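Participant: Protein sequence lines correspond, in order, to chains P and G. Going left to right, the first sequence walks through residues 1 to 246 as the working numbering numbers them. Going left to right, the second sequence walks through residues 247 to 587 as the working numbering numbers them.
It is worth saying that the hints were derived from the structure and are not from the lab. Hints are not guaranteed to be accurate.
Stretch by stretch, here's where chain G covers chain P in the computed footprint (C-beta under 8 Å, at least three residues) [what the hints assert, rightly or not]:
no. : stretch
1   : 61 to 73
2   : 105 to 119
3   : 167 to 181
DEER-style ranges, computed between Cβ atoms [to be verified]:
no. : chain 1 : residue 1 : chain 2 : residue 2 : range
4   : P       : Ser147    : G       : Ala297    : 42 to 52 Å
5   : P       : Ser194    : G       : Gly444    : 46 to 56 Å
6   : P       : Leu121    : G       : Arg566    : 38 to 48 Å
7   : P       : Ala129    : G       : Asn457    : 37 to 47 Å
To give an idea of the interface, some chain P residues facing chain G are shown, with a C-beta separation under 10 Å as derived from the structure [stated by the list, open to error]:
no. : residue
8   : Thr10
9   : Tyr45
10  : Gln158
The structure displayed is predicted, hence computed values, not measured ones. We put the CB at the ideal spot given by N, CA and C, even for glycine.
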Amino acid sequence: MLSIHDLHATVGGKQILNGLTLDVPAGEVHAIMGPNGAGKSTLSYVLTGRDGYDVTSGTATLNGDDLLSLAPEERAAKGLFLSFQYPLEIPGVPALTFLRAALNAQLKARGGAELAAPAFLKLAKAKAAELKIDFDMLKRPLNVGFSGGEKKRMEILQMAMLSPRFSILDETDSGLDIDALKIVADGFNALRASDRAMLVITHYQRLLDYIQPDRVHVLSRGRIVASGGPELAHELEASGYDRYAA
Amino acid sequence: MNLARAIETRDLAQLPSRRDEDWRWTDLAGQIRDLPPASPQGVAKSAGPFAALANETVTIVNGRGPGLIEISGKQIIALRFVSASEGTAHASKVAITMGEGADAVLLESHEGDAAGYLAHAGLSIDIAPGAKLERIVLVSDAEDAIGVSLAQVNLAPGASFAQTVLTAGARRQRIETRVAHPGGGASVRMDGAYLIGGRRHGDITTVVDHNGRDGTTDQLVKGMVRDQARAVFQGRIVVARGSDGTDARMRHQALIASDRAEVDAKPELLIFADDVQCAHGNTIGALDEQALFYIRQRGIPEAEARAMLTTAFIAEVVDRIGHVGARDVAAAWVAAHLESA
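Using the sequences plus the hints, can you model the full thing?
Facilitator: The structure is reproduced here in structure tokens:
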């Protein structure tokens with residue numbers, strides 16, 4: 001599924017990723033943990049193609065497709081999704097309009113037919129109900145005036161609607177109370193499938209109680225410095241990142 | 247100095263030039279070396295953008311048509327200024343009078359059906375006490391045309407005037423509106439939107455003179471320039487001595503979508519009264535790159551993402567249009583101009 005090899009990247013001329021190598025096979029959920037400044041968010045932006053995040057060497061492929069040569073929207077069409085740590089507010093664009101445009105753009109890019117309005121609305125209603133999102137909220141401009149928790153739920157709703165093959169969750173747990181965390185985790189777990197994979201970036205172990213990862217990796221100074229099973233997350237929670245930090 | 251007089255007298259010296267402070271960004275003298283021949287009679291090619299909405303249509307082709315429109319009661323009038331002949335010049339003059347208590351929508355279109363013309367449209371609008379007018383001005387000049395529209399609006403106390411100008415520019419173009427505001431509970435809304443590309447030039451100039459207590463003016467002008475286009479916004483609100491209780495707000499916001507595009511803005515509040523509420527804001531910037539990336543990450547191609555954000559940006563002006571049909575025409579105009587980007 002996702003295969004990253006010896007990835008080096010800079011942001012504003014500063015080296016952030018230093019030879020990161022990681023494989024996430026189909027059907028698995030991997031967690032990346034690490035101290036602040038380790039490069040966790042940089043990894044998610046490099047994989048999704050944000051401007052200003054420059055890959056200086058190394059490779060990243062999704063199902064064999066070279067991600068790094070594609071535009072952000074082309075990567076999305078390949079099934080790559082990022083749940084943003086800080087979801088953007090899009091004034092003037094109702095969430096439903098946005099979701100429909102995104103879904104249809106992806107369907108079109110894959111050579112499929114667009115989803116007609118009634119089918120789209122039915123899907124949106126069902127997914128919103130699963131995530132306990134008031135449907136009327138989807139008529140409001142995307143994320144404008146939404147609380148932190150509502151924004152994160154909207155991210156998971158978008159993920160559920162787009163059903164990506166590979167999802168990256170960047171600190172999706174931050175800003176969530178325990179009830180919202182459970183709802184988000186349920187939405188996330190519903191998407192687990194043998195032909196999909198996910199990467200969960202988090203600072204704390206809390207989210208991993210609800211999203212059981214298959215593997216846990218520690219990112220420090222731009223590379224993976226330790227990997228293990230779910231128990232590694234518990235160890236980190238107890239001992240902290242000190243032994244991995246500078 | 248004015249284009250109408252230059253066309254009528256065939257005297258180039260009458261053209262406004264960059265030496266005129268109010269015209270320094272929209273120099274006509276430097277653009278017009280010879281006056282083109284006078285426009286012949288012409289015929290409009292289409293029914294105009296508002297044909298389906300109006301219950302009365304006044305059409306002026308190449309400067310010829312009715313010169314007086316009298317409005318009483320409730321009316322929706324389409325007023326069309328059509329330029330139908332290539333490389334010719336014409337000036338039109340129309341007077342609109344509204345009786346007391348009249349309530350009208352004026353759907354004005356400037357339609358360039360030919361190339362390279364020179365057109366001036368002069369309009370005077372008198373709005374009686376308690377009368378209400380909403381004016382939508384959709385300006386679709388030919389790319390190589392020069393067009394000027396100058397409207398003088400005289401408002402009575404208790405009357406209301408709301409305006410929305412929509413323009414895509416021309417070789418040189420100016421849409422100017424001057425309002426004599428008597429206060430006395432009269433209200434003015436002076437909005438505008440511009441979407442200008444290529445090497446076009448569009449100028450929205452407004453002057454509102456508050457001369458009396460308790461009047462309001464609310465102005466929102468937004469626009470986007472791309473390629474090598476240039477937009478000019480000059481908004482002036484004058485609050486004369488003694489015009490206490492005036493509430494005047496002006497906001498201009500522009501997006502620049504290319505390094506070679508330009509926006510010149512001059513918002514002015516000239517306040518000579520003491521007890522007033524006045525505010526103005528002027529911002530010029532680019533689309534939010536973070537928002538663009540967010541939208542593209544969801545699979546929406548860059549051009550579509552830009553159009554989506556620009557549409558949302560302009561929508562604030564479109565949404566303030568009161569007449570529903572005209573609002574739909576305006577929204578479609580925005581979509582069409584972003585699609586061709």
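Participant: So, for every hint listed, does it hold in this structure?
Facilitator: Hint check results:
no. : hint                               : result
1   : 61 to 73                           : holds (count 3)
2   : 105 to 119                         : holds (count 3)
3   : 167 to 181                         : violated (count 0)
4   : P:Ser147 with G:Ala297: 42 to 52 Å : 47 Å, holds
5   : P:Ser194 with G:Gly444: 46 to 56 Å : 53 Å, holds
6   : P:Leu121 with G:Arg566: 38 to 48 Å : 29 Å, violated
7   : P:Ala129 with G:Asn457: 37 to 47 Å : 59 Å, violated
8   : Thr10                              : 18 Å, violated
9   : Tyr45                              : 8 Å, holds
10  : Gln158                             : 7 Å, holds
Comparing the model with each earlier hint shows violations of hints 3, 6, 7 and 8; every other hint is respected.
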